[in-house]
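Chemist: This is what each chain is made of:
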Amino acid sequence: MKILVCISHVPDTTSKINFTDGDTKFDTNGVQFVINPNDEFGLTRAMWFKEKQGATVTVVSVGEAETEPTLRKALAIGADEAIRINAKPTDGFFVAKQLAEIAKDYDLVIAGRESIDYNGGMVPGMLATLTNANYVNNCIGLEVEGENATAIREIDGGKETLKTTLPLVIGGQKGLVEESDLKIPNMRGIMMARKKTLNVVEPTDSANTTQAVKFEKPAPKGEVKLVSPDNLDELVNLLHNEAKVI
Amino acid sequence: MSVLVYTETENGKFKKTAFEVASYAKGVADMISTTVTAVAINADDTSELGKYGVDKVLSVKNDKLNNFNAKAYADVLKQAAEKEGSKVVVVSSSADAKFMAPVLAINLEAGYASNVVALPESESPFKVKRTAFTNKAFNITEITTDVKLIGLSKNAFGLKENSATSTAEDFSPALNDADFSTEVASIDKVSGKVTIADAEIVVSGGRGLKGPENWGMVEELADVLGAATACSKPVSDMGWRPHGEHVGQTGKPVAANLYVAIGISGAIQHLAGINASKVKLVINNDPEAPFFKAADYGVVGDAFEVVPQLIEKLKEFKANNA
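Those sequence lines, one after another, are chains A and B. Residue numbering for the first sequence follows my numbering, beginning at 1044 and increasing consecutively. Residue numbering for the second sequence follows my numbering, beginning at 29 and increasing consecutively.
Next up, chain B with everything else stripped away, as it sits in the complex (with noise of 0.2 Å):
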């Protein structure tokens, strides 16, 4: 019966969203009265869950799974279900639990809910808040299901400390041939920099920095706080940017702590796109620009002059408070 919860790792370490919906799942199991068993796949060191409630860890070692596979990865998640007899199943919003959750809705005739951003509203009927309308609006969302799949949104739970202590059980499931029909050719992947999706600070950039030479303070700013950088359509549609950095209604979602937009004006598809981020900044030579109107915080000045400022601020911050 136990609440069965997707903790992701990567390299052998666990993503600070495995904390995030182990926090979740612990909740959850509150509600109903029950456990929490995780299940790791090829992680190094499982102990660290206990610290967010997770009672029990299915962990399972297998060279075959080193590389994500949607459909194996949600045929291991079947069988934890099953042998756990769990009625409910939690996994993140990161491009990989996207990908797996439909295929595992099927294999445990679940219905699956993406996007949830709080507990559920009540265990019977089972409900829970998601958001839709691309973050303009929310859907309350009953699932009707014996097993329910819930998807939880990025940065929506936070982390919730338990002082439980977790068992590992080693958990060696059936894997099917047929599963690896689609095979990971090659990754490409920058080492060492901060990802949209794990980033807790983005730094945007969009038509108002005129070109992309114009950058290279837009990652000096980033650096200084640690952030991912990002820009608006129209600049990944120039080529300024990549795609991959491209955030909005049909670019990437932002649900950071902080986002700075320099030179971005705010078309309602951007601002959709990034609302489930808890802080903006904006910087915008333009007042009228709509996006003051969505904005936490605003500096109307002119980006080249207020961003290499604000990076020197910023030092001398973080050396003052080192």
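For reference, chain A alone in the conformation it holds in the complex (with noise of 0.2 Å):
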């Protein structure tokens, strides 16, 4: 089995966030990036494919040069070479469409259900229906037996088990395998992922659907309005009377 993993650069869970250029650009400075967590999920779960299964798992960015140490520790935890798509990842669609002209050699391509970052949350469908795969989103389980998959997805206050067959998408997050699960790249494979192959292939000429045309940052936080343990009717009344919560 071929895998291709999907693998977003953006900015480490604890980044602070702000802007420049007159509120147009992510300000990167100081900002530490990483392997977007749902795609790290996803990588791991491959990771498991390639062990048990014989698979055979390559990642792949869309992204300029910078996106490079992404990939090479992508590569240290384990996958066996990597591209990168030379583009400014500039919407949803632009990525997907760039993706597929990849995917489509692959019998499974596991991306992360959305990108911390922008948070668009499309690419795995639109890459699936871009290739004509079967797409299972808010995937948190996966077995791959020959041709037939067996996915489950989260569903509002649930999950659902779905039997699909391959080539598939999937739209993958924590569930796919455990938070203790994820690899921390040792020694060996880091000095392993230097030899690894980095290709780098230019993109494809394709339009954007949407724009990222300025930020905002949300309004400062009034006071918190602190409440005694010893006066809990209080905290009822204004939960009631003022926030009218309850």
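Treat the hints with care, as some may be off.
The calculated DSSO-like cross-link candidates involving lysine-lysine, where the alpha carbons are at most 27 Å apart (straight line), are [stated by the list, open to error]:
(1) B:K306 <-> A:K1268
(2) B:K79 <-> A:K1287
(3) B:K321 <-> A:K1287
(4) A:K1260 <-> B:K321
(5) A:K1257 <-> B:K306
(6) B:K306 <-> A:K1264
(7) B:K221 <-> B:K306
No lab work stands behind these hints, which were simulated from the structure alone. The model shown is predicted, which means the values in this text are computed figures rather than measured ones.
Put the two chains together into one complex, using the hints given.
Modeler: This is the structure:
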């Protein structure tokens, strides 16, 4: 089985979010970039298929040269090879179009349900549709036997088990593997990653369907109203009469 | 030209989000001087949609659509949008809608903006405000295609009543067998329990509760409030609570009217996930817990004393206000 894992290069979850150039660009100053967490769960599941079922794993990212350390980290975790599509990921449709060119040669494509920066949540579904593959989003469990796949997806208030076939695109998330299964690359992995292939390919010409025009930060929060633990009647009163939520 | 809205049902009844997306679609329709057409799949009674501004309902009845199927549902909506000549299509942010929307976007060659929180800022260029960076920021997005697809954030717009009368029309789109190559084998859903996605109030517990055996009071508080239960990331990682309850940046987002955090310190990733909630109440024994800076109401005290007392007070309140 040939697996393609789509990797988004995103600010670490602890990053302070600021903008520059008149609030039109994300301020990368002092920001640490990582593998998008939803993608990392998928990558780790792909490693399981590699170890148990002899799958080969390619990682791919749409990004400029500064995203290469993120791909190298994926190689250090155990992916066999990497592809970087040399373009700024300007919107979800553009990214899906670029990935579709590569994805058509793979049996299973694992992407994250969304990136934690733009939260578009559209790349896996668009990619599946563009490549005419089966598709499961919010995937929290995946088994593959020959051409058949069983995928579990999280639904509002529970989960649903789906039977489908390859080629398959999934939008993965935590649950595909446990947090404790995530691998921190060891020295050997890091050394080996340096020798692995990282192919750079140029984007195919493709238009956007959306454009991020501007960013805004949420209005600063007012002071918290503290209520003494001995005066919970007051708390109930505030929730009812002031906040009007009960 | 009418604005098309997908009004979701469960067991034949409309979900609350259906009325919210209908209200939003009416707002957009007023901006561009047109009407609202809803698509309802296997709904028992569509008349209720008129109250939220829907003029016409395309009612689809087909047993093949009893289970949600992203590709088949996207196909139904595509055919409805083409029939109505819709330039704007509105869906919710439910797990199903987020599953389907990207497929529909490709089918309609539409630009898709997810997590939209307000009516379009302008019609031409078509600009919408959406959340980004997991609620740490907003992003104004311009949709540049002829057809626009909007995914509305939950609880961002609210319900707006309109005294319109909707007409229902049977709609029988052609279904493609290939769409059913992904089939539902089983559904595992706790019935009778409020889900985090639908809840108006969410009660959440963190590591401060010391162990899974102490969740009884969290559940009781949730019960009194008619709330869903949730938890922080460490709690789900340690296996105290199921993954489905994990809320935060890598878990589920919460956009409730009231979010109650018990024994949760308020790590930046947790705050990002729950930030879209309107009112936050924090109960924590550490006055320095960062969560207090993000809270509207706070109680500095021992959860094991405060929560049982709060349950009693709320029971009294409910009894007096029933």
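Chemist: If a hint holds in the structure, say so; if it does not, say that too.
Modeler: Outcome of the hint check:
1. B:K306 <-> A:K1268: holds (15 Å)
2. B:K79 <-> A:K1287: Holds - the C-alpha atoms of A:K1287 and B:K79 are around 24 Å apart, at most 27 Å.
3. B:K321 <-> A:K1287: With a Cα-Cα distance of about 21 Å, the restraint between B:K321 and A:K1287 holds, given a limit of 27 Å.
4. A:K1260 <-> B:K321: Given that 27 Å is the threshold and the Cα spacing comes to 16 Å, the pair holds.
5. A:K1257 <-> B:K306: holds (24 Å)
6. B:K306 <-> A:K1264: Between B:K306 and A:K1264 the Cα gap is close to 11 Å, so the pair holds against 27 Å.
7. B:K221 <-> B:K306: holds (22 Å)
In the structure shown, no violation is registered for any of the earlier numbered hints.
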